[in-house]
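Use the sequences and the hints to build the structure in full.
Protein chains: 2
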Amino acid sequence: MPAKSAIDTLREALKRLPGIGPKSAQRMAFHLLERDRDGATMIVEALNFALASVSHCTHCNNFSETEICTICANTKRDQTLLCVVETPADLESIEQASAFRGVYFVLMGHLAPLDGIGPDQLSVDRLTRTVADRGIREVVLATNLTVEGESTADYIASVLQNSDVVISRLARGVPVGGELEYMDAGTLNQAFDERRQIQR
Amino acid sequence: MPAKSAIDTLREALKRLPGIGPKSAQRMAFHLLERDRDGATMIVEALNFALASVSHCTHCNNFSETEICTICANTKRDQTLLCVVETPADLESIEQASAFRGVYFVLMGHLAPLDGIGPDQLSVDRLTRTVADRGIREVVLATNLTVEGESTADYIASVLQNSDVVISRLARGVPVGGELEYMDAGTLNQAFDERRQIQR
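Heads up: the protein sequence lines correspond to chains A and B, in order. The opening position of the first sequence corresponds to residue 1 in the numbering used here, with each subsequent residue numbered one higher. The opening position of the second sequence corresponds to residue 1 in the numbering used here, with each subsequent residue numbered one higher.
For the record, the hints were derived by calculation from the structure and aren't laboratory data. As the structure is a computational prediction, the values presented were derived from the model and not from experiment. Beta carbons: idealized from backbone N, C-alpha and C, even for Gly. Keep in mind that a hint or two might mislead.
[What the hints assert, rightly or not] No more than 25 Å apart at the CA atoms, straight line, and that leaves these computed lysine-lysine pairs for BS3-like:
(1) A:Lys4 x A:Lys15
(2) A:Lys4 x A:Lys23
(3) A:Lys23 x B:Lys23
(4) B:Lys76 x A:Lys4
(5) A:Lys15 x B:Lys23
(6) B:Lys15 x A:Lys15
(7) B:Lys23 x B:Lys4
(8) B:Lys15 x A:Lys23
(9) A:Lys76 x B:Lys4
[Claimed, not checked] A few chain B residues that face chain A, going by a derived Cβ cut-off under 10 Å, partial list only:
(10) Ala13
(11) Leu32
(12) Ala171
(13) Gly173
Below is the structure:
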């Protein structure tokens, strides 16, 4: 018997996918080999293509196949309004909601000292250079409203406090369509603390 | 903007994995590109290696990198005792439990007419030829104890009924360590129906 069979090697490799343990990896390996060899070939080609062509936009740090991504290159967007997000997925949610017409900076994660992710891994110095060099007027901190996202936002706000840029944070409160009966205490407290006077 | 970006292509490809929807595929794509390009390369190489080298054992239909797999080639095993299982994963469970010292036949699935999986897809004719040609003494039907597994076992038993081979089915009952309080009605009924007299 060889030291390691092709199936064992494949199983090990598939375990590198996030959220995939030994059982799922085995199921995937068997499925691809038995029922979907075309799918396996598609995955190989798509991975090779993406590995070769996808890099980061030199402006916003998002994934891009060009040096500057289509959002940063779009002159119709407000290039002085910068939205800081954790991940490309967050950026896509905001774009799909048409919630923002400025440009972005993608941290590619949040501060997580225990996982070895500090300011350097999040390119915070590149963010501060961007803010200084590109005449940014306002930085909207749109990291997640989780503990990690909040501390990342706090850290970036502290780094930027000496520049004369406006720093803002996404509004916190009851989501649209939310029912107070089912809202958690933290959200209700925020919604009361940050209540807005109604204009009349 | 190109018709389809490398990331979109990768996302589509990863959706071919079983149990992976659009959100998980996106998470995998971003994870591999941002945090684990080595892992992506490993997956590409392992898939290519497996696609090229893994085929089916001509005897038992299990995955194998050789024409006859190590289990079928093992002369210390009882080559006249044949265990029919649905999948390679089932075979591995049985092997890990050292529950069986004969040889196997792997159906690679179960009967599922609605999904287009009939006797031909499960190579049932190859199984009957194997039973006839290789002097099999007993066929143990070890398909799952699910509705599909049971009907697959029933079908194979009906196909083999004219050959003079012994046909058996895995025992059904309360699993070892099982507590009656938590057992389902079907299992309890089986356990009573198939109760065994204690030898004294």
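Here is what the structure says about each hint:
1. For the hint linking A:Lys4 to A:Lys15, the alpha-carbon distance of about 16 Å falls within 25 Å, and the restraint holds.
2. For the hint linking A:Lys4 to A:Lys23, the alpha-carbon distance of about 18 Å falls within 25 Å, and the restraint holds.
3. At most 25 Å may separate the alpha-carbon atoms for a hinted pair to count; A:Lys23 and B:Lys23 meet this at roughly 20 Å.
4. Between B:Lys76 and A:Lys4 the alpha-carbon distance is near 23 Å, which keeps this suggested pair within the 25 Å criterion.
5. Distance hint between A:Lys15 and B:Lys23 is fulfilled; the C-alpha atoms sit about 18 Å from each other, no more than 25 Å.
6. Simply put, B:Lys15 and A:Lys15 have alpha-carbon atoms about 16 Å apart, close enough for the 25 Å limit, and the pair holds.
7. Among the hinted pairs, B:Lys23 with B:Lys4 is consistent with the structure: their alpha-carbon atoms are about 18 Å apart, no more than 25 Å.
8. Note on B:Lys15 and A:Lys23: the hinted pairing holds, with a Cα-Cα distance of about 18 Å set against a maximum of 25 Å.
9. For the hint linking A:Lys76 to B:Lys4, the alpha-carbon distance of about 23 Å falls within 25 Å, and the restraint holds.
10. Hint on B:Ala13 holds. Least Cβ distance to chain A is approximately 4 Å, under the 10 Å limit.
11. Proximity of B:Leu32 to chain A holds as hinted, the smallest CB-CB distance being about 7 Å (cut-off 10 Å).
12. A least Cβ separation of about 25 Å between B:Ala171 and chain A goes past the 10 Å threshold, and the interface hint is therefore violated.
13. Using the Cβ-Cβ criterion of 10 Å, the hint placing B:Gly173 at the interface with chain A is not satisfied: the shortest such distance is roughly 25 Å.
Checked against the numbered hints above, the structure violates hints 12 and 13; every other hint is satisfied.
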